[in-house]
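> Chain by chain, the residues run as shown.
2 protein chains.
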Amino acid sequence: MNIILLSGGSGKRLWPLSNDIRSKQFIKIFKKDDGSYESMVQRVYRQIKKVDTDAAVTIATSKAQVSAIHNQLGEEVGISVEPCRRDTFPAIALATAYLVDVKHTDPEEVVVVCPVDPYVDDDYFEALKKLSEQAENGEANIVLMGIEPTYPSEKYGYIIPESPEQTAQVKTFKEKPTAAMAEHYITQGALWNGGVFAYKLRYVLEIAHRMIDFTDYHDLFLKYDTLTKISFDYAVVEKEEKIQVQRFAGRWKDLGTWNTLTEAMEEAVVGKGVLNDACTGVHIVNEMDVPVLAMGLHDVVISSSPEGILVSDKEQSSYIKPFVDKFEQQIMFAEKSWGSFKVVDVESNALTIKVSLNAGHSMNYHSHRNRDEVWVAISGEGRTIVDGMEQKVKAGDVVTMSAGCRHTVFADTELKLVEVQLGEDITVSDKQKYELEY
Amino acid sequence: MNIILLSGGSGKRLWPLSNDIRSKQFIKIFKKDDGSYESMVQRVYRQIKKVDTDAAVTIATSKAQVSAIHNQLGEEVGISVEPCRRDTFPAIALATAYLVDVKHTDPEEVVVVCPVDPYVDDDYFEALKKLSEQAENGEANIVLMGIEPTYPSEKYGYIIPESPEQTAQVKTFKEKPTAAMAEHYITQGALWNGGVFAYKLRYVLEIAHRMIDFTDYHDLFLKYDTLTKISFDYAVVEKEEKIQVQRFAGRWKDLGTWNTLTEAMEEAVVGKGVLNDACTGVHIVNEMDVPVLAMGLHDVVISSSPEGILVSDKEQSSYIKPFVDKFEQQIMFAEKSWGSFKVVDVESNALTIKVSLNAGHSMNYHSHRNRDEVWVAISGEGRTIVDGMEQKVKAGDVVTMSAGCRHTVFADTELKLVEVQLGEDITVSDKQKYELEY
Numbered sequence: 001m002n003i004i005l006l007s008g009g010s011g012k013r014l015w016p017l018s019n020d021i022r023s024k025q026f027i028k029i030f031k032k033d034d035g036s037y038e039s040m041v042q043r044v045y046r047q048i049k050k051v052d053t054d055a056a057v058t059i060a061t062s063k064a065q066v067s068a069i070h071n072q073l074g075e076e077v078g079i080s081v082e083p084c085r086r087d088t089f090p091a092i093a094l095a096t097a098y099l100v101d102v103k104h105t106d107p108e109e110v111v112v113v114c115p116v117d118p119y120v121d122d123d124y125f126e127a128l129k130k131l132s133e134q135a136e137n138g139e140a141n142i143v144l145m146g147i148e149p150t151y152p153s154e155k156y157g158y159i160i161p162e163s164p165e166q167t168a169q170v171k172t173f174k175e176k177p178t179a180a181m182a183e184h185y186i187t188q189g190a191l192w193n194g195g196v197f198a199y200k201l202r203y204v205l206e207i208a209h210r211m212i213d214f215t216d217y218h219d220l221f222l223k224y225d226t227l228t229k230i231s232f233d234y235a236v237v238e239k240e241e242k243i244q245v246q247r248f249a250g251r252w253k254d255l256g257t258w259n260t261l262t263e264a265m266e267e268a269v270v271g272k273g274v275l276n277d278a279c280t281g282v283h284i285v286n287e288m289d290v291p292v293l294a295m296g297l298h299d300v301v302i303s304s305s306p307e308g309i310l311v312s313d314k315e316q317s318s319y320i321k322p323f324v325d326k327f328e329q330q331i332m333f334a335e336k337s338w339g340s341f342k343v344v345d346v347e348s349n350a351l352t353i354k355v356s357l358n359a360g361h362s363m364n365y366h367s368h369r370n371r372d373e374v375w376v377a378i379s380g381e382g383r384t385i386v387d388g389m390e391q392k393v394k395a396g397d398v399v400t401m402s403a404g405c406r407h408t409v410f411a412d413t414e415l416k417l418v419e420v421q422l423g424e425d426i427t428v429s430d431k432q433k434y435e436l437e438y
Numbered sequence: 001m002n003i004i005l006l007s008g009g010s011g012k013r014l015w016p017l018s019n020d021i022r023s024k025q026f027i028k029i030f031k032k033d034d035g036s037y038e039s040m041v042q043r044v045y046r047q048i049k050k051v052d053t054d055a056a057v058t059i060a061t062s063k064a065q066v067s068a069i070h071n072q073l074g075e076e077v078g079i080s081v082e083p084c085r086r087d088t089f090p091a092i093a094l095a096t097a098y099l100v101d102v103k104h105t106d107p108e109e110v111v112v113v114c115p116v117d118p119y120v121d122d123d124y125f126e127a128l129k130k131l132s133e134q135a136e137n138g139e140a141n142i143v144l145m146g147i148e149p150t151y152p153s154e155k156y157g158y159i160i161p162e163s164p165e166q167t168a169q170v171k172t173f174k175e176k177p178t179a180a181m182a183e184h185y186i187t188q189g190a191l192w193n194g195g196v197f198a199y200k201l202r203y204v205l206e207i208a209h210r211m212i213d214f215t216d217y218h219d220l221f222l223k224y225d226t227l228t229k230i231s232f233d234y235a236v237v238e239k240e241e242k243i244q245v246q247r248f249a250g251r252w253k254d255l256g257t258w259n260t261l262t263e264a265m266e267e268a269v270v271g272k273g274v275l276n277d278a279c280t281g282v283h284i285v286n287e288m289d290v291p292v293l294a295m296g297l298h299d300v301v302i303s304s305s306p307e308g309i310l311v312s313d314k315e316q317s318s319y320i321k322p323f324v325d326k327f328e329q330q331i332m333f334a335e336k337s338w339g340s341f342k343v344v345d346v347e348s349n350a351l352t353i354k355v356s357l358n359a360g361h362s363m364n365y366h367s368h369r370n371r372d373e374v375w376v377a378i379s380g381e382g383r384t385i386v387d388g389m390e391q392k393v394k395a396g397d398v399v400t401m402s403a404g405c406r407h408t409v410f411a412d413t414e415l416k417l418v419e420v421q422l423g424e425d426i427t428v429s430d431k432q433k434y435e436l437e438y
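Taken in sequence, the protein lines are chains A and B. So that you can map any letter, position 433 of the first sequence is 433 in this note's numbering, and since no number is skipped, the others follow by simple counting. So that you can map any letter, position 296 of the second sequence is 296 in this note's numbering, and since no number is skipped, the others follow by simple counting.
Heads up, some of the hints might be wrong.
All copies of an identical chain are treated as equivalent in the list; a pair is satisfied when it fits inside any one copy or across any two copies.
[As the list claims (entries may be wrong)] Below, simulated BS3-like cross-link-like pairs (lysine-lysine); rule was C-alpha separation at most 27 Å, straight line: (1) 49 to 130; (2) 12 to 272; (3) 326 to 31; (4) 229 to 12; (5) 272 to 321; (6) 272 to 342.
Just so you know, these hints were derived from the structure itself, not from any lab.
Given these sequences and hints, build the entire structure.
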């Protein structure tokens with residue numbers, strides 16, 4: 001099975017765990033059988049591989065997420081990088097071209113497109129396989145998944161099928177109706193549209209070529225920023241007459257807000273936290289090193305990270321975005337392909353950061369125009385290169401780098417550094433990258 | 001006026017702002033007219049000086065608080081240090097001997113003893129002056145302050161006077177009655193016992209000499225740990241027949257819990273914090289650099305510091321102590337006489353700390369047996385002494401110190417350092433102090 005996972009925007013709706021560079025799908029919040037935690041993207045990837053070991057997974061995403069994806073899923077996974085945001089049709093067209101031109105997948109093969117963040121069981125991935133098989137037999141150009149509604153939601157799109165069969169022709173679509181209308185559609189057999197569909201690669205490529213003037217993946221990638229923003233639903237799904245839907249009745253949750261996310265959490269507390277007996281319906285997700293104590297609260301979610309602290313009534317947690325948008329704050333924590341960093345102290349002319357490099361990884365070879373830096377290695381072993389000179393580094397070693405000096409560090413084992421940045425104008429944009437010549 | 005302020009125990013009841021070394025009285029939580037914040041002890045000290053510029057203030061406290069007191073009140077204030085905790089009678093006897101033997105106060109002078117943490121207006125200190133004058137005239141050996149009760153509290157002791165006059169003989173004392181009994185006492189003219197009283201120094205010294213075998217302050221200080229724990233009420237107040245009470249009807253609040261403390265806060269938010277409109281009765285006290293966002297909460301206090309995060313229903317906030325006692329955690333923040341420190345990162349074999357030294361101050365000259373240290377100066381100027389050698393230090397400079405090496409730093413301006421401690425057994429007790437020879 002070929003799968004394109006759409007890994008969407010930054011999303012501040014799960015602040016303080018999600019931020020401009022860490023999207024909700026990378027938060028490690030789901031407990032695994034071995035007691036460790038996995039993120040939405042790790043959970044979905046693991047589930048796909050369980051149902052189909054040979055599944056070829058491609059993640060369609062922005063540049064900002066590439067590091068986090070490699071960090072969490074390894075280097076194996078295919079990534080179709082969108083140079084900028086251009087809505088779902090250009091994104092899916094690019095990923096489709098990527099499969100054909102870069103991965104050399106036969107254009108007659110089927111691909112299933114699905115969001116990266118549904119909270120589902122394994123039967124959902126079995127259903128994706130059936131979707132793929134149905135698209136294969138060619139009865140329809142697109143086969144959608146229709147999710148059996150559990151309540152007349154106002155926030156989903158509805159698919160109305162011709163018949164109540166397991167696989168049926170699509171009659172029409174209805175976008176976000178009122179609860180009363182939704183109820184009416186459901187009596188007619190309407191299904192939720194979860195944004196999941198299967199098609200033969202050639203089919204979408206042909207539509208793309210009709211709509212966009214391009215030769216191949218590389219050409220499409222280069223002119224991506226000139227493309228018109230248009231959704232896949234609008235460009236393809238709603239115009240297609242040979243379109244079917246397959247019913248899916250298993251668990252399906254959209255974990256878009258703290259309210260729905262906490263419903264999917266197996267434990268009340270992730271991280272250091274204590275609830276007294278007078279608490280009911282309280283969830284704590286604490287990414288800090290210090291404890292959270294909750295006393296006598298009801299239906300409240302508490303989440304803390306190096307970015308900030310949210311304490312919200314669960315219902316009210318859907319409304320945090322405008323408040324979070326107003327917080328003007330630098331990124332305090334990020335996962336990169338080579339490890340992670342955390343800002344531990346902020347002064348006006350000095351920033352102190354803990355950098356953790358995974359074994360075998362290194363940061364880019366780079367310099368800064370306006371700041372000096374000091375590294376104090378606190379654990380592990382590695383090698384620094386400063387202005388071309390390589391030196392071994394281990395816990396306790398200190399490296400000083402003046403502004404303009406080119407530097408990087410390789411981790412031979414997991415390596416942790418305290419980095420002190422010093423200067424009057426410290427910004428993440430003050431960074432020149434260089435090729436390292438060997 | 002002579003005043004002894006009793007500055008009591010550590011108090012975890014205002015965790016995470018109070019901890020084993022920072023008591024609640026040092027938390028800067030009260031907004032001043034100039035927009036800055038002051039602590040309970042700063043507020044009380046300022047109020048005393050406003051009512052009586054010449055007031056001689058002595059703070060009776062433990063060794064652990066000396067740094068914080070000098071940091072917040074300066075070097076002028078007298079401090080009677082209790083070598084260990086021995087309840088209020090030994091503490092008051094020691095402070096009384098300190099006034100006579102160290103400060104050379106005439107034993108015929110009067111002193112007023114009062115807790116350091118009442119939340120009161122200036123009229124309270126005017127009342128202390130009257131208490132002092134009344135003790136001066138010698139009608140009684142002790143003159144207590146009796147606070148007009150505002151409700152039949154079960155948590156205070158009651159003083160029942162002989163008459164309803166402003167100054168009256170004390171008839172009897174009643175300890176923490178039921179609400180019904182308290183109501184009954186109040187109809188009899190009972191007053192709350194706020195632990196405030198005035199006496200002539202000689203009077204308490206004589207009782208102390210009768211109860212304890214000692215020659216002077218120095219001798220009492222040396223044998224302090226052998227003294228029996230006994231309260232001043234039990235040892236003196238309840239046995240004295242020549243005892244009067246003066247009524248006080250002004251504002252008086254005991255800020256022992258988050259519930260009562262937040263009642264005394266002028267603003268809903270201290271530090272970085274945002275409440276949405278759906279919040280009612282919510283207070284935020286945030287000592288961290290990152291924001292707190294509260295959504296749809298009612299009668300909740302949120303407090304965060306480098307020690308942890310409390311989110312509590314206000315009523316329930318009285319019950320946090322047993323939970324906090326279970327948190328096994330190192331001190332993450334402290335104010336010292338020379339400045340302050342904050343733990344910014346904790347790893348198993350490395351601890352990163354931000355040290356802020358006030359201009360003109362230095363830490364002790366010291367060494368560590370089991371850890372190396374690295375200093376990175378991030379702002380200001382000063383001088384380090386490492387194994388006897390002095391060197392200038394400014395932002396960007398790095399100093400490395402191996403285990404065993406003696407070191408200190410003097411701040412010529414306000415000086416901030418990032419200190420990285422490295423070793424397998426990092427504890428605050430691993431510290432040898434030395435005299436610095438010049």
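> Take the hints in turn and mark each one as holding or not.
Status of each hint after checking the structure:
For a Cα distance limit of 27 Å, the shortest separation of residue 49 from residue 130 inside one copy, 16 Å, qualifies, whereas the shortest one across copies, 82 Å, does not. For the homomeric pair residue 12 and residue 272, the shortest alpha-carbon distances inside one copy (23 Å) and between copies (19 Å) are both at most 27 Å. For the homomeric pair residue 326 and residue 31, the shortest alpha-carbon distance between copies (25 Å) is at most 27 Å, but the shortest distance inside one copy (32 Å) is not. When the C-alpha separation of residue 229 and residue 12 is checked against a cutoff of 27 Å, the pair qualifies only within one copy, where the shortest distance is 22 Å, while the shortest distance between copies is 57 Å.
Taking the closest pair of Cα atoms, residue 272 and residue 321 come within 27 Å of each other both inside a single copy (25 Å) and across two copies (17 Å). Proximity of residue 272 and residue 342 under a CA criterion of 27 Å is satisfied in both settings, with 18 Å inside one chain copy and 20 Å between copies.
Of the numbered hints stated above, none is contradicted by the structure.
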